[in-house]
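Colleague: Now for the letters of each chain:
Protein chains: 2
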Amino acid sequence: MARIPVLARCPLTGPFASATAVQPAAAGEWLASIDAGWEIAGNANGGYLLAMATRALAGATGRPDPVTVTAHYLSPGRPGSVRIVTQILKEGKRFATGTATMFSGTRPVLAVLGTLGDLSQAEGPELIEGAPPELPAPERCVRVQPAGAFPPPFMGQVDLRLHPDDAAFATGRQSGQPLMRGWFRFPGAEPVDSVALLCAVDAFPPTAFNARLPIAWTPTVELTAHIRARPAPGWLRCRFATRFVSAGFLEEDGEVWDSTGRLVGQSRQLALVPRG
Amino acid sequence: MARIPVLARCPLTGPFASATAVQPAAAGEWLASIDAGWEIAGNANGGYLLAMATRALAGATGRPDPVTVTAHYLSPGRPGSVRIVTQILKEGKRFATGTATMFSGTRPVLAVLGTLGDLSQAEGPELIEGAPPELPAPERCVRVQPAGAFPPPFMGQVDLRLHPDDAAFATGRQSGQPLMRGWFRFPGAEPVDSVALLCAVDAFPPTAFNARLPIAWTPTVELTAHIRARPAPGWLRCRFATRFVSAGFLEEDGEVWDSTGRLVGQSRQLALVPRG
Numbered sequence: 001m002a003r004i005p006v007l008a009r010c011p012l013t014g015p016f017a018s019a020t021a022v023q024p025a026a027a028g029e030w031l032a033s034i035d036a037g038w039e040i041a042g043n044a045n046g047g048y049l050l051a052m053a054t055r056a057l058a059g060a061t062g063r064p065d066p067v068t069v070t071a072h073y074l075s076p077g078r079p080g081s082v083r084i085v086t087q088i089l090k091e092g093k094r095f096a097t098g099t100a101t102m103f104s105g106t107r108p109v110l111a112v113l114g115t116l117g118d119l120s121q122a123e124g125p126e127l128i129e130g131a132p133p134e135l136p137a138p139e140r141c142v143r144v145q146p147a148g149a150f151p152p153p154f155m156g157q158v159d160l161r162l163h164p165d166d167a168a169f170a171t172g173r174q175s176g177q178p179l180m181r182g183w184f185r186f187p188g189a190e191p192v193d194s195v196a197l198l199c200a201v202d203a204f205p206p207t208a209f210n211a212r213l214p215i216a217w218t219p220t221v222e223l224t225a226h227i228r229a230r231p232a233p234g235w236l237r238c239r240f241a242t243r244f245v246s247a248g249f250l251e252e253d254g255e256v257w258d259s260t261g262r263l264v265g266q267s268r269q270l271a272l273v274p275r276g
Numbered sequence: 001m002a003r004i005p006v007l008a009r010c011p012l013t014g015p016f017a018s019a020t021a022v023q024p025a026a027a028g029e030w031l032a033s034i035d036a037g038w039e040i041a042g043n044a045n046g047g048y049l050l051a052m053a054t055r056a057l058a059g060a061t062g063r064p065d066p067v068t069v070t071a072h073y074l075s076p077g078r079p080g081s082v083r084i085v086t087q088i089l090k091e092g093k094r095f096a097t098g099t100a101t102m103f104s105g106t107r108p109v110l111a112v113l114g115t116l117g118d119l120s121q122a123e124g125p126e127l128i129e130g131a132p133p134e135l136p137a138p139e140r141c142v143r144v145q146p147a148g149a150f151p152p153p154f155m156g157q158v159d160l161r162l163h164p165d166d167a168a169f170a171t172g173r174q175s176g177q178p179l180m181r182g183w184f185r186f187p188g189a190e191p192v193d194s195v196a197l198l199c200a201v202d203a204f205p206p207t208a209f210n211a212r213l214p215i216a217w218t219p220t221v222e223l224t225a226h227i228r229a230r231p232a233p234g235w236l237r238c239r240f241a242t243r244f245v246s247a248g249f250l251e252e253d254g255e256v257w258d259s260t261g262r263l264v265g266q267s268r269q270l271a272l273v274p275r276g
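In order, the protein sequences belong to chains A and B. For the first sequence, this note's numbering begins at 1 and goes up steadily by one. For the second sequence, this note's numbering begins at 1 and goes up steadily by one.
The shape of chain A in the complex, shown without the other chains (with noise of 0.2 Å):
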């Protein structure tokens, strides 16, 4: 269904605000650009183009936060102007679920499928079979901060600090236990709206940086990220854990605790499981 889009919802300012803006172009077209300074290997992260995407679909079906999203990853995100083409597949009552695709010229770059809603008010029976990861104070854990390619430009868009029994991977002391715990903020604590949340599910190295395994570099093939609610202001905590590396495939699960200690957000992704 045709119909002029609104200018996509993004209250809040600052770099990853600015980043991630879309503008409206044509119905169900919209204007974006990658920015340089968001690459990990060369390709923008994508948390940040999933995050860009679902910018594009707020603004499509007019609802403030992601529920459930899920991107496909088709091709490396350069730093240039993208286009990304929206579908609304069904406006209802609570929930509008739609499709994004960023095209970099004519080439697809990310597919997305997601269903957006208000997570302003929510309520029911809660059952919580978890707890936010045990860390270390964010000033006595590990900041990730780039240094040329590795680690990658990326890190110096986003302040993670790693558990330090996590992060020995990086001086080649593999924990054996493919897990990845830290705090995420940005720099300047900008403020974490629920779709800077779809940023923080994929900000993390891989845990298969600390497997004792063949591995390099796990490409992901696709993302889907549950958002519970808007993170409360302050740290997240995050935990990301790969249970099964088999046939070529890994998953990593991630869960996002805000500093209330409410469980906003829960990630899974496929990745590919090159040899190293």
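Simulated from the structure, these hints should not be mistaken for lab results. Ideal Cβ positions, reconstructed from N, Cα and C, are used throughout, including at glycine. There is no bait here: all hints are sound.
Quick list of in silico lysine to any residue cross-link-like pairs, SDA-like style, CA-CA up to 20 Å:
no. : chain 1 : residue 1 : chain 2 : residue 2
1   : B       : K93       : A       : S75
2   : B       : K90       : A       : S104
3   : A       : K90       : B       : R83
4   : A       : K93       : B       : G248
5   : A       : K90       : B       : R78
6   : B       : K90       : A       : S75
7   : A       : K93       : B       : A247
8   : B       : K93       : A       : G248
9   : B       : K93       : A       : R107
10  : A       : K93       : B       : L272
11  : A       : K93       : B       : S75
12  : A       : K90       : B       : T106
13  : A       : K93       : B       : R107
Reference listing, derived: stretches of chain A covered by chain B, where coverage requires no fewer than 3 residues with Cβ under 8 Å from a Cβ of chain B:
no. : stretch
14  : 69 to 81
15  : 98 to 108
16  : 128 to 140
17  : 203 to 214
18  : 238 to 246
19  : 256 to 268
Listed below are several chain B residues computed to face chain A (Cβ distance under 10 Å; list not exhaustive):
no. : residue
20  : T101
21  : E126
22  : I128
23  : E129
24  : Q177
25  : P178
26  : E222
27  : R228
28  : A241
29  : R243
30  : V245
Since chain A is already given, all that's left is putting chain B on it; use the hints.
Modeller: The following block gives chain B in isolation, referenced to the frame of chain A:
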């Protein structure tokens, strides 16, 4: 890119293969039928619908196996004719990615984004932190058979044997653990291919049935399945668990193991938690 679709590969025969068969109608368009008898509370089972849409994607891409597929459920699937519109977004050497949208008349029922490939060859380093669920032999488990509205007619299309500890909900003695373990096969031991695994991951009673919470039914918003390998013949061992019921949602994570003890699929769905 327009192309004449080839007949969807469906090498197996049997009730499930017939019930999920799709016929090419035009470029990027497929006809199929939601068969009566596959419903739960009047709506066709979500995994059954996902398998049907994935057969259309397999036909459109010429790739036999789902690698990662995500379905968003838009409206109830009622028995009758449906039309599936497929769009290929990328065709690579190893994988192809596309969307499939199922319509009943003009009403969208299901939207799928999937990456497909060929899983006949799979290799790589292995790390398995987990094991198939311990289950009594199928004949010592609890068979779920349809009986009017509950258990629903769908249970006649699959042969489920629940772990006795997880089946006690049926007599009002919930275990208190949102867990559901059991065996899966088709009646008459119809072979289970990689597409049929999409039915297996959504075939069991909801984990919420075993939670001591005021929850009656949990409609699926979104279901993602990762298929690692084609299953060997024989019973499949399945395990579904929920860790987080919060903010009106719950996730249900599934694992499917084949008769050789190999992990063949993982699933996660996001479901709504209406008050019971």
